[in-house]
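Student: For the sequence shown, position 70 (counting from the first letter as 1) is numbered 73 according to the numbering used here, and the numbering increases by one without interruption.
Calculated from the structure, these hints are not laboratory results.
Be aware that a few hints might be false.
Okay, the calculated beta carbon distance ranges per label pair [as the list claims (entries may be wrong)]:
{"id": "1", "residue 1": "Gly184", "residue 2": "Gly65", "range": "23 to 31 Å"}
{"id": "2", "residue 1": "Ala25", "residue 2": "Gly60", "range": "39 to 47 Å"}
{"id": "3", "residue 1": "Ala231", "residue 2": "Ile133", "range": "48 to 56 Å"}
{"id": "4", "residue 1": "Gly60", "residue 2": "Thr295", "range": "29 to 37 Å"}
{"id": "5", "residue 1": "Gly308", "residue 2": "Ile133", "range": "38 to 46 Å"}
{"id": "6", "residue 1": "Val239", "residue 2": "Ala139", "range": "37 to 45 Å"}
{"id": "7", "residue 1": "Arg297", "residue 2": "Ala171", "range": "44 to 52 Å"}
{"id": "8", "residue 1": "Asn320", "residue 2": "Asp296", "range": "21 to 29 Å"}
{"id": "9", "residue 1": "Arg297", "residue 2": "Ala256", "range": "35 to 43 Å"}
{"id": "10", "residue 1": "Asp134", "residue 2": "Arg317", "range": "35 to 43 Å"}
{"id": "11", "residue 1": "Gly90", "residue 2": "Thr138", "range": "52 to 60 Å"}
{"id": "12", "residue 1": "Arg316", "residue 2": "His41", "range": "43 to 51 Å"}
{"id": "13", "residue 1": "Arg174", "residue 2": "Asp281", "range": "45 to 53 Å"}
{"id": "14", "residue 1": "Arg235", "residue 2": "Ala53", "range": "45 to 53 Å"}
Note that the structure is predicted; figures quoted are calculated from it, not measured.
We treat Cβ as the ideally placed atom computed from N, Cα and C, and that holds for glycine.
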Amino acid sequence: MTTPHPSPPGRRVLVLAHTGRAEVREVARECVQRLTGHGIAVRLLADEAADLGLAAGSGSGGLVETTLPDDVPGEGCELVLVIGGDGSILRAAELTHETSTPLLGVNLGHVGFLAEAEPDDVESTIAAIIDRAYTAEDRLTLGVRVLVGKEVLFSTFALNEASVEKAARERMLEVVVEVDGRPLSRWGCDGVVCATPTGSTAYNFSAGGPVVWPEVEALLMVPLSAHALFARPMVVAPTSLLAVEVLSDNEGAGVLWCDGRRSVDLPPGARIEVRRGDRPVRLVRLHHAPFTDRLVAKFDLPVEGWRGASERRRRENGEADGGDRDA
């Protein structure tokens, strides 16, 4: 049983957690306690509230609410606090896409590219929410639809990528790719990934596609193991229309995956169209560090020996350290 979304004014945060892990449950309970203790109502999905041992009306001041995924969970919430990994953030984007509620991720997963905070940052993250010391940035999304003839078989959005893949391991997928209404190439391949700049560090990265800074507005297309002379990753305009046609003479079928969460089978003859989505996903930022620093931290990139611009200027001006002068 769920409680209705309350109408009285006040601050409200939706908390979504990967409650299958003990560490996540512990952090989620702490966050709920801290937020409600400062008079901020916390909304939880009913099943997650049960996993956390929290009932509607609990918490400081009875400020815990429960809801169902179909009840528009993000409605009336100033942000979504997501506790888990990137998969949890993609799930949160799916649950709140209709309301464009900003997402703030606390990474308790692996790389956690979409998350803004790490486990050691929980205290400061809650403080930032309480003090409203955060900003939100819009991230480009994909609008995806599947057509068979003139019939729209499936439509959805994606924050990271839409991937067309072969359904049977032993068979290649024969496709023709198209950009802006013009055919580009025919590929026998394992599939095709269409990605956003946000998703450039996800499946696109694993497939050999380029890393694109999130401020860049563009769409990406990357073939998967294509048997063709021209099979390079491509970056096109954000206004472009990408299309992948599953040729009707395919012996097997394909499958479309969006953000690794939503899928639909693709019969021979299906056409997948990918364009810029109508509604962006908003990600909360607590820090304004360059994306370069995020890449270095998340991938543990070697940067030893870098002296920085200020050190180079010193050397150019002859202000070398004592060891260099003696030399």
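Student: Taking the hints in turn, state whether each one holds.
Tutor: Now for the hints, and whether the structure bears them out:
no.: 1; hint: Gly184 / Gly65: 23 to 31 Å; in the structure: violated (57 Å)
no.: 2; hint: Ala25 / Gly60: 39 to 47 Å; in the structure: violated (25 Å)
no.: 3; hint: Ala231 / Ile133: 48 to 56 Å; in the structure: holds (55 Å)
no.: 4; hint: Gly60 / Thr295: 29 to 37 Å; in the structure: violated (47 Å)
no.: 5; hint: Gly308 / Ile133: 38 to 46 Å; in the structure: holds (41 Å)
no.: 6; hint: Val239 / Ala139: 37 to 45 Å; in the structure: violated (27 Å)
no.: 7; hint: Arg297 / Ala171: 44 to 52 Å; in the structure: violated (38 Å)
no.: 8; hint: Asn320 / Asp296: 21 to 29 Å; in the structure: holds (27 Å)
no.: 9; hint: Arg297 / Ala256: 35 to 43 Å; in the structure: holds (38 Å)
no.: 10; hint: Asp134 / Arg317: 35 to 43 Å; in the structure: holds (39 Å)
no.: 11; hint: Gly90 / Thr138: 52 to 60 Å; in the structure: violated (24 Å)
no.: 12; hint: Arg316 / His41: 43 to 51 Å; in the structure: holds (46 Å)
no.: 13; hint: Arg174 / Asp281: 45 to 53 Å; in the structure: violated (35 Å)
no.: 14; hint: Arg235 / Ala53: 45 to 53 Å; in the structure: holds (50 Å)
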